[in-house]
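Participant: Next come the chains, spelled out residue by residue.
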Amino acid sequence: MAYTIKKATEIADKIFEVWIDAPHVAHNACAGQFVVIRTDESGERIPLTISATDGDLVRIVFMAVGKTTTQLSDLVSGDTIQDIAGPLGQPSEVKRWGRCVVIGGGVGIACLPILARELKAIGNEVIGIIGARNETLLLLEDELSAACDELVICTDDGSKGFHGFPADILKQKLEEKTIDAVWIIGPAIMMKITSIATLPKKVKTFVSLNPIMVDGTGMCGSCRVTIGGETKFACVDGPEFDAHLVDWDGLMQRQRIYPEQERQSLELYHEHKCRCGEKHE
Amino acid sequence: MSISADVVKSMNNRPAEERILDFLEVEQGLSEESAVLEALRCMGCPRPRCKSGCPVNIDIPAFINEIAQNNFRNAARLLKKENMLPAICGRVCPQENQCEGLCILGIKSKPVRIGALERFVADWERENGVETPDVAPSTGKNVAVVGSGPAGITAASELARAGHSVTIFESLHKAGGVMSYGIPEFRLPKEIVNAEIDQVLSLGVDLKLNHIVGRSITSEELLAYDAVFIGTGAGLPYFMGIEGENLNGVYSANEFLTRVNLMHANVFPEYDTPVIQGSSVAVVGGGNVAMDSARVAKRMGAKVYLIYRRREEDLPAREAEAANAIEEGIEFICCANPTKILGGPAVSGIECVRMNMCELDESGRPCPVPVEGEEGKFTLNVDVVIEAIGQGPNPLLASLIPGLKRGKKGNIIVDENGRTSIHHVFAGGDIATGAATVIEAMGTAKKAAQSINEMLK
Chain A
309 MAYTIKKATE
319 IADKIFEVWI
329 DAPHVAHNAC
339 AGQFVVIRTD
349 ESGERIPLTI
359 SATDGDLVRI
369 VFMAVGKTTT
379 QLSDLVSGDT
389 IQDIAGPLGQ
399 PSEVKRWGRC
409 VVIGGGVGIA
419 CLPILARELK
429 AIGNEVIGII
439 GARNETLLLL
449 EDELSAACDE
459 LVICTDDGSK
469 GFHGFPADIL
479 KQKLEEKTID
489 AVWIIGPAIM
499 MKITSIATLP
509 KKVKTFVSLN
519 PIMVDGTGMC
529 GSCRVTIGGE
539 TKFACVDGPE
549 FDAHLVDWDG
559 LMQRQRIYPE
569 QERQSLELYH
579 EHKCRCGEKH
589 E
Chain B
775 MSISADVVKS
785 MNNRPAEERI
795 LDFLEVEQGL
805 SEESAVLEAL
815 RCMGCPRPRC
825 KSGCPVNIDI
835 PAFINEIAQN
845 NFRNAARLLK
855 KENMLPAICG
865 RVCPQENQCE
875 GLCILGIKSK
885 PVRIGALERF
895 VADWERENGV
905 ETPDVAPSTG
915 KNVAVVGSGP
925 AGITAASELA
935 RAGHSVTIFE
945 SLHKAGGVMS
955 YGIPEFRLPK
965 EIVNAEIDQV
975 LSLGVDLKLN
985 HIVGRSITSE
995 ELLAYDAVFI
1005 GTGAGLPYFM
1015 GIEGENLNGV
1025 YSANEFLTRV
1035 NLMHANVFPE
1045 YDTPVIQGSS
1055 VAVVGGGNVA
1065 MDSARVAKRM
1075 GAKVYLIYRR
1085 REEDLPAREA
1095 EAANAIEEGI
1105 EFICCANPTK
1115 ILGGPAVSGI
1125 ECVRMNMCEL
1135 DESGRPCPVP
1145 VEGEEGKFTL
1155 NVDVVIEAIG
1165 QGPNPLLASL
1175 IPGLKRGKKG
1185 NIIVDENGRT
1195 SIHHVFAGGD
1205 IATGAATVIE
1215 AMGTAKKAAQ
1225 SINEMLK
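So the sequence lines, in the order shown, correspond to chains A and B.
Each number in the working numbering corresponds to the 1-based position in the first sequence with 308 added.
Each number in the working numbering corresponds to the 1-based position in the second sequence with 774 added.
Heads up, a few of these hints could be off.
With a cut-off of at most 25 Å between alpha-carbon atoms, the simulated SDA-like pairs for lysine to any residue come out as follows [claimed, not checked]: (1) B:1183 to A:535; (2) A:540 to B:1173; (3) B:1114 to A:566; (4) A:509 to A:457; (5) B:948 to A:312; (6) A:468 to A:509; (7) A:500 to A:461; (8) B:1077 to A:580; (9) B:948 to A:398; (10) B:948 to A:535; (11) B:948 to A:349; (12) B:884 to B:1087.
So the derived list for chain A, only partly shown, Cβ under 8 Å to chain B, looks like this [what the hints assert, rightly or not]: (13) 333; (14) 336; (15) 381; (16) 561.
Just so you have them, the derived chain A footprint on chain B, three or more residues with Cβ under 8 Å [stated by the list, open to error]: (17) 809-815; (18) 937-947; (19) 983-992; (20) 1000-1013; (21) 1026-1039.
By construction, these hints were calculated from the structure, which means they are not laboratory data.
Yeah, the Cβ is synthetic: ideal placement off N, Cα and C, and Gly gets one too.
Kindly produce the complete structure, drawing on both the sequences and the hints.
Facilitator: Next up, the structure:
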C-alpha cells in the first residue's frame, strides 16, 4: 500500500507543506493529533503533527533538516510514500474556554490552523501569535489571519511584524485582557521559555511535545516524558500536556539520543542523490 | 549451572561461535529421513495425551502417522485444519510444557519431537507448493479483527474459512504483531512469518495496515460489524521506576526489539532507524523477551549481562532459550536487582544489589530480598540497559470503546467463550489473558472465533 502526494510546496525557507491522500487519517483527524509516516521500505517511522485536512487529504508541514524530512521535501505531486498511520494521540482539549491564545514558533506555526478553526467554530475568541527567526521562515500567515480573530506576527530580527519574541506579545495580552487558555507549539526551548509567561496568573497552558517515537501507539516507551513527576508516553497520553508540569530538560535530553546517526544518515542521502544525478529516485 | 547442557544437545543448532555473527536461524530443521525416523517413534496411543496439551487441538498422532508413511502432503492438510501457522508454532511453541511434555515416551526416555515434526511438515509444504484450505460459501457477514498478531491472524483464518468476510486492522506498517516486531529473526525468520500470514490472507482476508482502531476508524464504525474480534496484545512496556531510567541508552525490550526486528536498526545506515550500539549491555529480566533482547545485543557485538532477581532455576524463560543464551556467551547474573542507572545524558553503568532468597511467595518461588549494606552492592559498566521486565495489555484501543469492561491490569474481561461485555465483541490473546505465549494467544483466539462462528449461524 502506498499513499499518494497530491501537492507539495516549499512555503518558507526549507519548510514544506505536503498534502497526502489518506482518507483513514483525514476523516477523523482532530487538532493536536499527529501521524507517523515512513517514506519507503528502508525508512524510519517519524511523527508529524496534522496541520490541516481537506476531504481525503492530510496536510503535514515540516522543515527539511534530517534524512527523512529531506527525502520528503524532494517528493513532488504524484509521488508516493510507503506508510501513513493515524490520527494518533489525544485531540487538543477543545471546548468553550472563552478567550484563547494560540502561539506557534518556527515550523510549529503549521500546527495552529486546525486548532484555531476548531476553537473558533465552537465560539471561542482566538488570538494567534506566530514567531520566526526572520521573515523568510514565516508561514501560513493568510490562512491564520482568516482562522483567528487577531493575528500578531513576530520576528527575532524585526524583518517583519513585531521585533521580538511571541512571549513578549503573550505577556502584553495577559496584562490587557483575561486569557482563559493558551497553546504554545514550537521547539522545546521556545515552549519552555514562553510558558513561563502564563505562570503568575496560572493560565491553563498546553504545549505539544515532540520526543523521539517509534510506533506511536504506546508500545515502545521511547517517547516517555516526565509530567508532574510521573512518566507519561507522549504518543498516547499526549502529545499535548500542561506546560507547567513538563520536565523540559528531560525532554530535550531525550530528543538528542542519535545526533551522530542522524548526521550520517543525511550525509549518505545527499551522496546518493549526487550519484543519481537527479532530484529523486 | 542448573540449565542443563542436555537441552542444547537435543537441539539441532548451528554452533554458537558461528551463529552469534549473524541473524540467521539458530535451530536447523529435520531432514526427510530423520523426520520419518522420528515419526516412527510415535506409539500412536489410542488415548493420546499429547493432543490434550495442544491449545489449538492439532490431531498430533494422525499427522505424525502421515509423516511416518511419507505422506507429507496429508500431514500438512491435517496440521492446517487446526492451525494455519504451523511453521511458526513448530519453532516458538514451548512444546516441553505442552504436547511433548505429555508424551508417554517422555516418562522413560525422550518424548517424540512433535515441534520439530510440525516445523518439518510446514517447511516441506512451503517448499513443495502450498495448498490453500477450502473456504465455506459466503455467509454475507462482516467481521472485524483488530490486530494482526498470533491471535488476530488465527481468528481471521477461522472466521474466513467459515465464509465470513474478514477485515483485519493493524496499526503498524507490517502484519504479524509480536512475530514481526518482537521475536528475532534467528528464532523465527520473517520470511516464514510472512509466508504463513500470506496463506491466511489468501483465504480472502482484507488486511488494512496503518489503521488505528478507535482513531482511523471510530468505535461506532467498528461496532457496526456483525462481529468483532480484538487481539491487540500485551504491548505496554513496564519500566522498573528506578533512578536514571530516562538516560539515553535505556530501552524497553519492546523498543529495542522493534528497532532491530521491525526497523532493521542492526543494519543502519542501510535502514534509517538507529539504535545505540552498546559495547556493554545489561538486560534486566529473565523471560523469553529478556533472552531475545540479550541474544540480539550479542549479535550486534556487545558484551551482554543478563540481570535476574531470582535464581537461575527460577528463570521464566524456556530452558532451551536460556541454554542458547548461555552457550552464546551471555553472562547471567542471578539473584541481583538493579537499583540505579548511572550516567548523564548517556548511560555509563548500572548499580545493582544482590538478593537473598527467602520463604516461598504466592508463585511458589522464593521471595527475593535485597542484601543489606555495602556488601550487597555492585556496579557494572554498561552503555545500554534493556528492561525486559514484562508488558501489560495495550490500553489504547480498549479505552476508546465505550462499554468494554476491563480488569484491574487493563486486560479486556471475557467469558469462557471469549465474549466481552459487549455482546458481539470478542477478545483473545494477551489483551484478554495478560502476557503469555504465541500458542496460548492462538488457542484463545481460536476459541473466540469459533464462538463468533456459532453466533453468526
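Participant: Give a verdict on every hint.
Facilitator: Comparing the hints with the structure gives:
1. Among the hinted pairs, residue 1183 of chain B with residue 535 of chain A is consistent with the structure: their alpha-carbon atoms are about 22 Å apart, no more than 25 Å.
2. Annotation: proposed proximity of residue 540 of chain A to residue 1173 of chain B holds, straight-line Cα distance about 16 Å (limit 25 Å).
3. Between the alpha carbons of residue 1114 of chain B and residue 566 of chain A the distance comes to roughly 23 Å, so the proposed pair stays at or under 25 Å and holds.
4. For the hint pairing residue 509 of chain A with residue 457 of chain A, the CA-to-CA distance comes to about 23 Å; that is within 25 Å, so the pair holds.
5. At roughly 19 Å between alpha-carbon atoms, residue 948 of chain B and residue 312 of chain A fall within 25 Å of each other, so this suggested pair holds.
6. Of the supplied pair hints, the one linking residue 468 of chain A and residue 509 of chain A is violated, its CA atoms being roughly 30 Å apart against a limit of 25 Å.
7. With a C-alpha separation of about 20 Å, the suggested pairing of residue 500 of chain A with residue 461 of chain A holds against the 25 Å cut-off.
8. Taken as a hint, the residue 1077 of chain B and residue 580 of chain A pair is broken in the structure, with Cα atoms around 34 Å apart against an allowance of 25 Å.
9. With a CA separation close to 24 Å, the supplied pair residue 948 of chain B and residue 398 of chain A stays within the 25 Å bound.
10. For the proposed pair residue 948 of chain B and residue 535 of chain A, the alpha carbon gap of about 32 Å is over 25 Å, so the pair is violated.
11. Straight-line distance between C-alpha atoms of residue 948 of chain B and residue 349 of chain A comes to about 11 Å, which keeps the hinted pair within the 25 Å bound.
12. At most 25 Å may separate the alpha-carbon atoms for a hinted pair to count; residue 884 of chain B and residue 1087 of chain B meet this at roughly 21 Å.
13. Checking residue 333 of chain A against chain B: minimum C-beta separation of about 6 Å stays under 8 Å; hint holds.
14. About 6 Å separates the beta-carbon of residue 336 of chain A from the nearest beta-carbon of chain B, less than 8 Å, and the hint is met.
15. Evaluation of the residue 381 of chain A hint against chain B yields a violated restraint, the C-beta minimum of about 15 Å exceeding 8 Å.
16. A distance limit of 8 Å between C-beta atoms decides the matter here; for residue 561 of chain A the minimum to chain B is near 5 Å, and the interface restraint holds.
17. Given a C-beta distance limit of less than 8 Å, the hint that chain A covers the stretch 809-815 of chain B is violated, as 0 residues qualify and 3 are needed.
18. With 3 residues carrying a beta carbon less than 8 Å from a beta carbon of chain A, the stretch 937-947 of chain B meets the three-residue requirement, and the given coverage holds.
19. For the stretch 983-992 of chain B, the stated coverage by chain A is satisfied: 8 residues place a CB nearer than 8 Å to a CB of that chain, which reaches the threshold of 3.
20. Residues of the stretch 1000-1013 of chain B with a Cβ under 8 Å from some Cβ of chain A number 4, which satisfies the need for three, so the listed coverage holds.
21. With 7 residues carrying a beta carbon less than 8 Å from a beta carbon of chain A, the stretch 1026-1039 of chain B meets the three-residue requirement, and the given coverage holds.
Taken one by one, the earlier hints fail for this structure at numbers 6, 8, 10, 15 and 17, listed in ascending order.
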